[in-house]
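**Q** Sequence:
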Amino acid sequence: MMFVDAPSRSIVASASDTKGVLTAKDGAFVGVLPADQNVSNTAVAWNGITWTQMLWPLPDDERRRATIIAHELFHRIQPQLGLPNTHEGSNAHLDEMNGRYYMQLEWRALARAIGAGRVADRKEAAKDALLFRAERYRLYPKAASEEHALEQNEGLAEYTGVRLGNPTAELQTEMALRDLEAHVTDATFVRSFAYATGPAYGLLLDRYASGWHAQLKSGKGFEAMLARALRVAATANAEQLAAQRAAQYDGAALRDVETEREAKRQQQLAVNRRKFVDGPVLTLKFQKMNVQFNPSTLQPLGDAGTVYPTIRITDEWGVIEGKNGALMKPDWSALVVTAPSSTSGSSVSGDGWTLELKAGWKIVPDTRSGDYMLAPST
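Residue numbering for the sequence shown follows the numbering used here, starting at 2 and increasing by one per position.
Hints were generated in silico from the structure; no laboratory data involved.
Just so we're clear, the structure is a prediction, and the values are computed from it rather than from any experiment.
Just so you know, not all the hints are guaranteed correct.
Unchecked claim - Lysine-lysine pairs mimicking DSSO-like chemistry, simulated, CA-CA at most 27 Å apart: (1) 330 - 265; (2) 26 - 143; (3) 330 - 359; (4) 324 - 265; (5) 289 - 20; (6) 289 - 363; (7) 221 - 143; (8) 359 - 20; (9) 330 - 363; (10) 218 - 128; (11) 124 - 218; (12) 324 - 289; (13) 330 - 289; (14) 289 - 359; (15) 143 - 20; (16) 286 - 330; (17) 324 - 359; (18) 330 - 143; (19) 128 - 221; (20) 363 - 286; (21) 128 - 143; (22) 221 - 124; (23) 363 - 324; (24) 218 - 265; (25) 286 - 359.
Using the sequences plus the hints, can you model the full thing?
**A** So this is what it looks like as structure tokens:
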């Protein structure tokens, strides 16, 4: 495990690396993380070791601190458990009005379910959560597979953090409720929703589906396992039932809020399309990239990909930092930024981004007039 102070990039680690960058001091190992490495809470392979990397300082709250550490420790051993980090879809539907609407109704039902004292109330709310998810999946055919991929990665990790970082059932429920509440204010849910759904479904499955962990490798989603445990069958009139049950969760007021947000989203889509699709742009194709970003702010842009308001990427060609938007291609093959103000030199910049090129790389014209791309110097 390593703890990294982002401003100074100073490291305090529990072990030495294989290349001798870290040196022993006071029972730990210290050093400086090179600039070609990103800094975030994550599992990372560096200098011959797979590390759990944690940002310093850690949260002051003891329970939150323990939850985050257990979450990231899970990521480090995830491949060994036979639960690899599968390719995640864009979950773009969760930035659309109906996707967000039914996700938030599901969260409200999950909160009621795990917080209920009476068994009947708990089961009724759990069934409502399943109903709202079923309606979302009906509206968006790709939603199930894309959501399952992120839930198997971040959802399971956060559930593990909640279970292992909180010693009692009461504290686990409290932390899961905090997760459900914390993500309501996220600018977008496309990459953060699973931090909320994972612990809630996990705790419900602990209660009603003993041994459910053994089914994870089969690819079953949380909702399928819980529906089976609660004997909830698919219904032909999910749309009508979901509309009726929404009234129990203040659905009308939520719809008004999401309608207003949708109008603003359409305006932002137009801005992003002008910047990153209509051009002119610089395209940076990945060779062996490592990425750092905020999962709570992503902006889907249809078939063009996803806009990351802030991002840092290291690759064989250098390091790029963006603070005013950058477009990630849908297959994660390249990053697109606005055209540079100048194409000469190793330090290049544009609208809200800076690029430090390594020796052996240069910026050259791309196929479309006014566009640029990276290419080897030789």
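**Q** Take the hints in turn and mark each one as holding or not.
**A** Structure-based check of each hint:
Of the pairs offered as hints, the one joining residue 330 and residue 265 holds, with about 23 Å between alpha carbons and a cut-off of 27 Å not exceeded. Taking the CA atoms of residue 26 and residue 143, the gap is about 51 Å. The hint is violated against a cut of 27 Å. The straight-line distance between the Cα atoms of residue 330 and residue 359 is roughly 23 Å, inside the 27 Å bound, and the hint therefore holds. Restraint check for residue 324 and residue 265: satisfied, since their Cα atoms lie roughly 20 Å apart, inside the 27 Å limit.
For a cut-off of 27 Å, the pair hint linking residue 289 to residue 20 stands: about 20 Å separates their Cα positions. For the hint linking residue 289 to residue 363, the alpha-carbon distance of about 17 Å falls within 27 Å, and the restraint holds. The straight-line distance between the Cα atoms of residue 221 and residue 143 is roughly 15 Å, inside the 27 Å bound, and the hint therefore holds. Among the hinted pairs, residue 359 with residue 20 is consistent with the structure: their alpha-carbon atoms are about 22 Å apart, no more than 27 Å.
Proximity of residue 330 to residue 363 is assessed by CA-CA distance (about 21 Å); at most 27 Å being required, the pair is judged to hold. With a CA separation close to 24 Å, the supplied pair residue 218 and residue 128 stays within the 27 Å bound. In summary, the hint linking residue 124 to residue 218 is supported, as the alpha carbons are separated by about 26 Å, within the 27 Å threshold. A distance of roughly 22 Å separates the Cα atoms of residue 324 and residue 289; the hinted pair therefore holds under the 27 Å criterion.
The hinted pair formed by residue 330 and residue 289 meets the criterion: a straight-line CA distance of about 15 Å does not exceed 27 Å. This hinted pair checks out: residue 289 and residue 359 have alpha carbons roughly 14 Å apart, not beyond 27 Å. Between residue 143 and residue 20, the direct Cα distance comes to roughly 44 Å. Violation of the 27 Å bound is thereby established for this hinted pair. Simply put, residue 286 and residue 330 have alpha-carbon atoms about 10 Å apart, close enough for the 27 Å limit, and the pair holds.
Only pairs whose Cα atoms come within 27 Å are accepted, and residue 324 paired with residue 359 is accepted, the gap being roughly 21 Å. This hinted pair checks out: residue 330 and residue 143 have alpha carbons roughly 18 Å apart, not beyond 27 Å. Restraint check: the Cα-Cα separation between residue 128 and residue 221 comes to about 18 Å, which is no more than 27 Å; the hinted pair holds. Simply put, residue 363 and residue 286 have alpha-carbon atoms about 13 Å apart, close enough for the 27 Å limit, and the pair holds.
A C-alpha spacing of about 22 Å is found between residue 128 and residue 143, which places the hinted pair at or below 27 Å, so the restraint holds. Distance hint between residue 221 and residue 124 is fulfilled; the C-alpha atoms sit about 21 Å from each other, no more than 27 Å. Between residue 363 and residue 324 the CA atoms are separated by roughly 22 Å; this keeps the pair inside 27 Å, and the hint holds. Distance hint between residue 218 and residue 265 is unfulfilled; the C-alpha atoms sit about 40 Å from each other, more than 27 Å.
Restraint check: the Cα-Cα separation between residue 286 and residue 359 comes to about 14 Å, which is no more than 27 Å; the hinted pair holds.
When the structure is compared with the earlier hints, violations turn up for hints 2, 15 and 24 and for no others.
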